[in-house]
Amino acid sequence: MRVRRIVPTIYSKNLKVKGNISIPTEDVSSKPTGPNPMPKVTDLRYWDFKLLRRYQPFYMPICDMCCLCTFGKCDLSKGKKGACGIDMKLQQARLVLLACCIGTACHAAHCRHLVDALIEKLGRDYPIDLGNSIEVEAPIIRTVVGIRVKTLGDLEKVLKYCEEQLTHLLSATHTGQEGDVLDFESKALHAGMLDDVVREVGDIAQIVGYGMPKGEIETPLVDLGINCIDRSKPVILCIGHNVIPSTYIIDYLEEKGLEEEIEVCGICCTALDATRYSKNAKIVGPLSRQLMFIRSGVADVIVVDEQCIRLDILEEARRTGAVVIATNDKMCLGLEDLSHLSEDEIISRILREGAGLILEESKVGKVAVELARIVFRSRREMKERCLPALEEIRALANRCTECGWCNRVCPNSFPVMESIVEAKEGRFEKLADLYKRCYSCGRCESECERNLPIVSMITKAGELYHTLEFKVRVGKGPIQDVEIRKVGAPIVFGEIPGVVAFAGCTNYPNGEEELALMAKELLERKYIVVAAGCASMSIGMWKDSDGKTLYEKYPGEFQAGGLINAGPCLSNCHVSGAAIKIANIFAKLPLEGNFAQVADYILNRVGAVGVAWGAMSQKAVAIATGFNRWGIPVIVGPHGIKYRRLYLSDGEDFEVYDRKLKKVIRIDPTPEHLITAAENFKECLCTIPKLCMRPNDGSRGRSMKVYHYVTLYEKYFNCMPPDLEKFIRTERDIPFMLKDKILKYLEEKGWEPRKEMPQEPTLLY
Amino acid sequence: MLGRNIPYQPTAGTNLHHAEVISTKIAVSMVKRSRRPLLVIGEYGGEAVRYLEDLNIEKIYTPRDMNLLSIIKMITREDYDLVMFIGITYYYLNQALTHLKHFSDTITLTLDGKYIPNAHYSFPNMEEGEHIEAIKRFRMLLDNL
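The listed protein sequences derive, respectively, from chains A and B.
Start counting the first sequence at 1036; every next residue gets the next number (my numbering).
Start counting the second sequence at 2; every next residue gets the next number (my numbering).
Okay, chain A solo, but in the shape it has when bound (with noise of 0.2 Å):
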């Protein structure tokens, strides 16, 4: 056991005394606490059994059939069994889980990766130093692998354990394994948890090893969206999650002094990484804006990573004379791997076939920043060429038969003909207007008969029309201590309205501008909204009458009113984490080995949320999956449907122990689903109040939450949310601004006050 000793010294008025203070700190090898350290694939079976007895599965079967293994194809329709004896829901329940392993193993392998080049370059023993800020390093880590990891070598032995039991959860996907609903459910949710769990490891790892914020409070604003980025320079895109071939360009870039030089700016959760290692990078938008940007032919050399990337990426940027460097092995592209040439006998290779492949990524900053000089003099002229002028748009817009089948293709049925017959008569607004809502997913144009390139059409129309300059501040990384220590009150007893966490991808139905909306609606009314990847980007796309984003609006600090970007998806963590801080930090609830007593907790008393807007990845699915096993609710925008699997309650009176009371009791159904979804963003912005409450929450912090449903249903919908009688527990939860209004719609309802109130509620009996 090692000592930290400090010299307190204490005046009186005639007294002084002196003394050694010895405070025991624990050791990385200190035994953990709680019962489940490490939990195998069973050992949280009976915390997941207690969340889906109360939030059932409901699925949605996209297909008819199973066509996993050759007995099939089998019909699962209508009751029928296939031939392994599997059904419908069981059928459902199984791709579930292996959509959360894709989501998971994605996460880990990516993690894997970084530990491994970091231990590389800094050594097994190289400290994990978070500042004096952070004392609780790692909540997810500690509660569930429980150790506490101190250096880099630590990480690695988590990794391996999450590797292992993602091993044991994909095969129980085979033919013939697992035979109950439940059972896959909780598999599922070991899934989710483990995702958590390395993507807590890989955001630890990048920001020791790459000096990225350690949780300051407020970190840069810097510049986002496609209008940022200097045309006149060589520009480098770099797209994807991995971080590590972006940290040697920008080190190449710095050693030889051309950071005014050269552009280097990044889509998706590689950009958000490369702000966090240098102000000099720049954020062209979330995967939103791929295919957009690739197609506006500002990019001289693009160099993919991993995740998320379109793989038509060498035949897009072939269109525009731009360059491609692969650097991952998840992501070959069918390219000869050059890492064994020079960097010199590199270049020259991919200027003769147009992309290479570069394993070995330390090479990556040199040939992308030389190519770049290289590639941008030949296409300088080109840049302005990629994209049609408006002339060329209405031609083409004259050659379109009015079909009608790029609307019908079009993932939210937006109306493409409808802007495509108002460009030919030189009426560009619709397209442009279509721009800010359009995810680019280039559907429309291989259904066109007419091969008419609309998205570049739309593109086009977009840049022009609109400003498209935005800022977002820097990835924070983890919440401070001593930012929990001030809200974790205020959040238990429910008188801060809830932390809304807005994550996962940019499958939104309407466009980035929605999400905006959300937070700044949430902000004014001091919730506490956190984003992280590609939502937090969109967050930033958005500027009100004063010209500014609600990033520069809004404090970055994690309290009433803040706005917080925590960083890249693997930053999502830090949401999941904070909860966990706030059991550990405020109620001093031990961490280690400790899952369900903390899931527990959080289902209980701290009102948080995650919308899940845009949820398009297997990833996303999975971190939604683990937010629910630690107790925290989700909601995920119309197209998350598609995941095939919510968790809903029946919105009936739940049932918990109270502690205090000994005795089973029945509570108000909070939160209501553990993930559910809405059809509109209205609908989701009136459902998160909802999802914030809790059955510890105080009476004040109750009505407050109450206010918040009652106010924004009435704004949206023009009525009294008409199921607010379950959420009234008695006359002290209904805010005195609206107490009237509310009597009288409880008197038709016939409510009644409830006898009892939960005094230390759980599911843990």
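Simulated from the structure, these hints should not be mistaken for laboratory data.
Just to be clear, a hint being listed does not mean it is correct.
Covered by chain B, according to a simulated footprint, are these stretches of chain A (three or more residues, beta-carbon under 8 Å) [said to hold, decoys possible]:
id, region
1, 1094-1101
2, 1670-1684
DSS-like mimics (lysine-lysine), calculated; alpha carbons at most 30 Å apart, straight line [to be verified]:
id, chain 1, residue 1, chain 2, residue 2
3, A, Lys-1185, A, Lys-1314
4, A, Lys-1085, A, Lys-1124
5, A, Lys-1085, A, Lys-1623
6, A, Lys-1521, A, Lys-1185
7, B, Lys-60, A, Lys-1677
8, A, Lys-1776, B, Lys-60
9, A, Lys-1784, B, Lys-60
10, A, Lys-1583, A, Lys-1521
11, A, Lys-1317, A, Lys-1588
12, B, Lys-26, B, Lys-60
13, A, Lys-1784, A, Lys-1249
14, A, Lys-1156, A, Lys-1124
15, B, Lys-137, A, Lys-1113
16, A, Lys-1156, A, Lys-1365
17, A, Lys-1506, A, Lys-1561
18, A, Lys-1108, A, Lys-1124
19, B, Lys-60, A, Lys-1779
20, A, Lys-1578, A, Lys-1249
21, A, Lys-1268, A, Lys-1506
22, A, Lys-1085, A, Lys-1108
23, A, Lys-1113, B, Lys-26
24, A, Lys-1365, A, Lys-1555
25, A, Lys-1113, B, Lys-60
26, B, Lys-60, A, Lys-1750
27, A, Lys-1249, A, Lys-1192
28, A, Lys-1561, A, Lys-1471
29, B, Lys-60, A, Lys-1761
By construction, the Cβ of each residue, glycine as well, lies at the ideal position given by its N, Cα and C atoms.
Dock chain B against chain A, hints included.
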């Protein structure tokens, strides 16, 4: 509009079992035979919804009155034998309907002007004007019952 019984979004089907396309006349007779029908009205029904609002059938407006998925969950508990939908985001309704398609005996009928494959019965794809006329006819025939 081309492909009247091809899902409006062509990938919206689920392979084997797709909705039967029906006329307004058959839709009316289904309502007539129904013991306990329900009409779920979304926000995007446009002018067509106006002709259904004062219909003497139990109605739920979503999302104002209830979340669509909560409605579907409630339907599986209650004894509605026919549930009609109109004005809900196409792909959202189509996906949500698969729950009733697979795990409930309740008959579903969509009254939008777009063919929705995961209902039991659906109107075909129609132009907007044609759809409004169909809804007017539906209403008129119901009134004449």
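Practice task
Any hints from earlier that this structure breaks? Give me their numbers in increasing order, please.
Solution key: 13, 14, 15, 22 and 24
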